[in-house]
Structures are given as structure tokens and as C-alpha cells.
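J.: Chain residues, written in single-letter form:
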Amino acid sequence: MTSAPTETRQTSSPSPGQSGASPASHRSVGRYAEQAALPLAWLALVVVFSIMSPDRFLSTGNVSSILGSQSILFMLALAALIPSMVGDIDLSLGATGALAAIVVAVLNVQHGVPVGIACLVAVVVGAACGAANALFVVLLKTEPFIITLGTGTFFTGLVFWLAQSTTIVGVSGQLADWTYLHQFLNVPVQFYYCLLIMLVVWYVARFTPIGMRALFVGQSREVAVLSGIKATRVRVGGFVIAGTIASLAGVLYVGTTGSAGPSSVDSYLLPAYAAVFLGATSIQPGRFNALGTGMAVLFLATGVAGLQLLGAQDFAQQLFYGAALVVAVTVSRLVRRPATR
Amino acid sequence: MTAALELKGISKVFGGTRALWDVDLDVEQGEVLALLGENGCGKSTLVKVLAGVHEPEPGGFLAVDGRPVDLPIPTGAASGLGLSFVHQDLGLAGPLTVVENLVGSSLATVARSGRRISWRREVRDASRMLLSYGVGVDPRAVVNDLSPVDQALVAIARAADQLRQFREQTGAASSVLILDEPTVFLPEQEVEFLFDLIREVVASGSSVVFISHDLAAVRAIADRVTVLRDGRVAATTRMSDVSDDEIVELIVGSASAAALDEATAPNDLLDQAAGDVRTSVRVTGLTGGRVHGLDLEVATGEVVGLAGLMGSGVEDVPYLLFGARPSAGGRLEIDAATVDLGRHSPAAAVALGIALIPADRRRDAIAPAVSVAENMMLLVARRFSRGGRLRLGDLRDTADARAESLDVRPRRTSVPIGTLSGGNAQKVVLAKWLEIEPRLLVLHEPTQGVDVAARAEIYRVIQRATTSGMSVIWVSSDFDELATVCHRVVVVSDGRTAGVVDRSRMSPEAISTGVYAAARATTESSLSTAEKVPQ
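Sequence lines, in order, name chains A and B. Quick note, in the numbering used here, the first sequence goes up one by one and the last residue is 341. Quick note, in the numbering used here, the second sequence goes up one by one and the last residue is 535.
Treat the hints as calculated values from the structure; they're not laboratory data. Here the structure is a predicted model, which means the values were calculated and not measured. Note that the Cβ used here is the ideal one computed from N, Cα and C, for glycine as well. One or more of the hints may lead you astray.
What the hints assert, rightly or not - Here are a few chain B residues that sit away from chain A, every Cβ distance over 12 angstroms (derived from the structure):
1) S147
2) Q162
3) T279
4) V380
As the list claims (entries may be wrong) - Pairwise CB distance ranges (calculated):
5) A/E143 to B/R383: 35 to 41 angstroms
6) A/A316 to B/R343: 41 to 47 angstroms
7) A/L139 to B/T75: 43 to 49 angstroms
8) A/L135 to B/S507: 52 to 58 angstroms
9) A/E143 to B/D394: 37 to 43 angstroms
10) A/A316 to B/R120: 54 to 60 angstroms
11) A/E143 to B/R460: 43 to 49 angstroms
12) B/R391 to A/V329: 33 to 39 angstroms
As the list claims (entries may be wrong) - Interface residues of chain A toward chain B, partial, derived using beta-carbon atoms under 7 angstroms:
13) D55
14) Q219
15) G228
Work the whole structure out from these sequences, hints included.
T.: Laid out in C-alpha cells, this is it:
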């Protein structure tokens, strides 16, 4: 016991006066640089692709396609953001979205259910998937990483079963009208749905008491619990909302392609997490945040669209997504370090 | 006969404070030497010097088995000198079996050069080794499934066996096993098994240094005793030449020994609150962890300290009262409300106006990456919301004003709280809880790692809050602090209220005297009942 207080004192900052002006002002310069890094990287991409493909990259059609085509990724990234914000992870969200997509297709095509009702059912299924994850992870206190890997595989099994391992085509064109075909300012409306959800998540996280509670649950769960916050409730809510948003990604997929098969939204899971982690290096560095996630989706979409314009093959997309995730996680680790020292 | 271990003139300075002053210590071959002293007397520092964790000041001398050893001891080299340590945490991997633990630790010392491990042989050897020390534990058992006392026995037998191998390989005549508070978390009745093992270890040819708070245990096992007080050797003597009262006097200093009898009068606190002060908090039968039926009353505006040795249960009380750890039972009355502590939760505690400042600040009290303002205003975020919108400007302004009045440095509340010093972070934690104007503030080691100026500020702020009626329960192992801030200090031993030091007799010495006397009384009574049980 003799040395314990001394050691504690050594690890904390030596004198209260010193930690005042100079290190803080240094840090704020660094902070601006961190916040601006991702937007600057995006600008650099735009400049590079514009120079390499001047007539096509900046055309209206291409900008519209960048914003519109990646809405499924955008939506799934917003879903993945929610559990991440409260300190969990949900790897079943891709499968949840795929399940929602196949539910819409099966109900509409094979059972003649109006597409609006089919979509509502799909959203309920998504929420139920989130609730199942919450049951195991939060209430039965298991490890989210491995449990959601398991539930995700299970959901994928359900998808194959419902699809009978074939792609179901011929979903009512009404859905495509309301997602992909209708445009506002030359951009498909589904982009604005994502934008709206992003702004709502941002607002709730930043400007409401519930967002503040969620922040503490995510950053320091013990502190939240010992401040009387019902962390269990917050985390359950996180999984259910994530499942719901993931099912919307599934609906957008059906709208965009008019079909659903054994594999659909699940292939977007990795880039979605790349966006979430990349987003945590921006806007509010060190925190998972909605605006950063949106910025990151824009960055990824631009990169992929540019590579395609330049004639890169399919594997380039995988290379780009994979590298972005690795870089994002490494950078966010480096960004977090000074704050949690 | 050469001494097994000889230390001369060992000193150690941490920053400005001197933890050890010129300490001399010798351990004879085949004896049990008890090392006694209060928290902060220098025992742990001395052990860490021997283990090679701390570097002593130049000028000290150390000899093991008559051979001088260069100081400082390189980290990890102590075992090569014939010194072996068993700390309170035992150093066993809980999810593994006993034999896996034994093989694992031997990999570090014995060269096995890539031979296949024969588990059948290892189990047989482990079983034989344990039995040679009288430990009848199945080597195939998982450590976590063993009782605490069996875990301690395995750890000690392992250390003793390493020393035996050391003596066989080097031909050394002696070796020293250092047991650092091994009895703290053991049920009193089972300590006897540990003593049998220590006697076996001594019989096998090792010496033992036994570090403990527990006077009765020391009386039962030690040949000689060295008492440290304030970093110096207060005395070294044969156990047979000294009474328990004299040992307590050596531990706490002679000035306070006179207060010994007075301080142990138990449970006069219940009529304490009668008179013009109003009782606002009453705890009855609090049970859970190492607490077994604790009763406590706190008057409006009163600061009540809780003091006890490690393992007395005192460190569990704050978390049980706040619902942060499951409680087996008890009742908490706070003003008009009554809470069944068996079904308590932190959320319910906050709703009742109970605040907790936990000991582990970095883990339990602050979110390091989040701003000072948000940490401070977490509990009252709703106050700043209008129609669901949080007015961050108001929140910042209020946080800035609080930071100003508490002299939190730096003043900018937008910086992450993890960048603040311990003292400034603790002021923020205090401000956070005072924001809800709690009726009861529970503190656990609130000034650990806090500099002197911040400490004074924290005392001042809490004192001011009590004038508006807040009651305080203050748990600390720093008895100087308790004597400074408390109206009354309740002594806890074996999970129960065991005595009281009131305002008129308040001094750090009176508190430590009370604490030691209570611990002694508890141990003696349980040892005597344990002896009766087998008949």
C-alpha cells in the first residue's frame, strides 16, 4: 500500500498548472488537422480522378451515380454505426439486410402481398433480428463479436431457405419508383432517406440527453452504470435500431435491383464497417459519429466510382474497401491514443 | 550460523517522501519472522526492493545465505538468489488446472528443452509434491474451483518447492519464502491450514517472512517480529518477549495506546444521533461481499468515516450501498424512503439522491476521452434540454462556472477529461455529483492520487455541502484524512461495526488503535470457535 498512491500520482499529469495552455493549444491544432483529414482525402480523390478522366468524372450523371448507387452501403453503414456508438459490434447486420430483402421478394412475388406491406414486414423482421442479438449479447451477457457472427450465419441460412438458393426477380416496380427511379436534384430519393437518417442519428447523439447517455455507455460503460444510467436498456435499443436500419438497406437493395437472392446486402458489411471506423477519424475524432460515417461513405463511393471509370476490374473495389478498413482502424487507434492516455 | 537474509541501511525515497529510512532486517535460518505495520509504513516498499521492483537508495547492504548481493536486484533475478514471493493475488491462472499452473511456472525456471510433456507424470509429480507439504489438492482440479484457502496452499507450496529445488541445485543452506498478506481474504477458521503448511515449509529447510495485519495469526506462527512504523524499524523482538498490547503500541506509536480501551466500546453510535441532530440515513443488516450484517447511522450534515483493515469488508460498503454490487440483503432508510438493498441498483440509488465517488477513478468515474463539461453534466443533461434539444452552450457555460469555483485547471471544459491531473479530474467528479444535490454522498478513497492543493479544495467543497444537509459516508485507508474530515469514525471488522471513535477522541492514532484492536478481537474469537468445532 505504501507505494500505490505514489505510483498513481506518477501516472497522472505531474502538476495541475502545467497541463494548462501549451499542450492544449498544440492539441487543438492537431485536432483540426484530424477533423479535416478525411474531407481532404476525399477532395484529393476528386481532383485526381477529375484530372485522369476530365470529361466523365465530374459529369452530372456520374455525381448522381456516386450518390445514388451507394445508398445501400450508406444505409448499412448507419446501421453498423449504432451498436458501435454504444460500445458493441453487430456483424449480423449484412445478413439481417439480406433477410429483409428476401422477405420483401418472397412476399411480393410469390404471395402477391402489396409491396408496401411486404416492406413493413421486412422492417419488423429486421427489428426482431436486432432483438435476438440484444437478447444474447446484452441480457445473457455474451461476447457481441462472436455471437453476432453466429446469428448472422443463422440469418444467412434463413435467406437461403426462403430463396431456395435462387434469385427471386420481378418485384413490383412501385418499390423502384420510391427508391431509385424518382430523383430529386438528379439524385435518387433513396440517397435522401439515408441523409435524413444520418441527420437524425447525428442530432440525437449530439443534442439530446439520451445521446449523452449513449455516449457514456459507449465510451466508459462502468462510469455510465455508476452514474445510474440503465446501460442495458441503451444497448438493447442500439441492437434493435441497428436491425431496423439494416432491414431498410435490404429494402433499398430490392428497390434498386428489383430482385433478391441468396447473396445481396451481406456483401456490403465490410465496407459498411470501413465507413464506420473511417468516420470515427473525422468530424469528432475518436468517436463513432454519424456525420463522419456519411463523409466516409462519400469517400468510399467516390473511390470505387473513380476506379470503375478508369476501367479497373472488380477486384479493385475489394482492394480499396479492405485497405480503407485497415487504414481507418489503424488511424482511429492513433487518434484515440492521446485522449485516453 | 549465517542469517538466511540480512538487510542493512535500506532507504527508499519517492519524489519528496521517504518510504524507508535506514531499515535493518535479518531473518535467521529456519525461522518465521513476522513483518508488521500499518498501511503506508513501508512493508510493501521493502518487499518490492527485495523483489527487484524498486531500486533502493545507494548505500544499502543485502546478503542472502551469507553471500552479499549487489543492489538493486535486477527484475526477475530474485528467484535465482533463493528468494520466493507469494503475494495476496497468489499469481495462479484461475481457468487452468493446478498441474498446468505448476508446469507453467516451472517452464520459466527449469530447462525442458523441447521434450514432450507427459501429463500423467506431471500429475503424479505434482500430487507427490503437494502431499509432501501436506496439501491434499487434486492436481487436475481447476484453480477457480478450489476454495480460497486451497488456492493459497497451492501457491505457497509451489513457491516452497521452487526454493527446495533451488537449494538442491546450488547447495545453498537456506532460502527465504516471503508471504505478503496471504491471510487477508481467507475465512478466519481456515487460516490454521495455512499455518500447518508454513510449519512444513520451515521444516523443509526454508525461512519464512510473514507479512500481515493479523496479530492473532502472527502470534500463532511467528518466532520473531519486526515492526515498521513510518518507514523505520520500530522494534525487532522475539514473540515470546512481547504482549499483543505492546505490539499494537509499536505499530501505532505509544502516544495513542492509552486510547485503546476507550476506542473499542462497540455500538454506542445508535444513541449518538439522539438529541437535536436528525438521523437521515440508517443502514441495517447490510450483507454482501465481505460485509456480514453491518449497521450504520448518519445524521443530517454529518460526515461519518469507515475504517478497517484490508479484508474487513469496509471496501465493499460503498458499492453495496449504491447497488453497484449485488447485495445479499439489508435495509437502507434515507429520509422517508426505505430500500431493500437486495434489490438495489445504481439507477435507484441516483433517484434516491445517493452519490458514489468510487476508488478506481479512471475505470469507474470518468470517461477519459469525453470532455470535462460532458463528464461533469452527465447526470443533469435533462436540465439543459428544451423540447428534446440539448442546449450545449448552456451546458458548457454551467460547466465553466463550476470549474471556476472549484479551481479546475485547465479552465477549458472542452478538453477530454483524461488529460487532467488526478486532482483536477477528481474535482470534476465531485462537481458532477454535487450537481444533483445528493442527500447522501459515499466516498471511497477520494484523495488517492490527488495532490495536496486539490485535496484541500475537495475537503472544503464537501464540508460546504454538508452545511446544507448532505450526509457523508467516507471510506478511506488514510486515517490522517479520516481524522481531519470526519465527525465520527466507525470501525469495521469482519464485515460488522466493531467500534466508534467520536469527535472528542478523534486522532489518526485513535482510529488505527481502534482498527487493530477490533481486528484482534475478531480473529481471537473466531480462532477459539474454530478450535472448538472439531471436538
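J.: Honestly, which of those hints from before does the structure not fit?
T.: 4, 6 and 13
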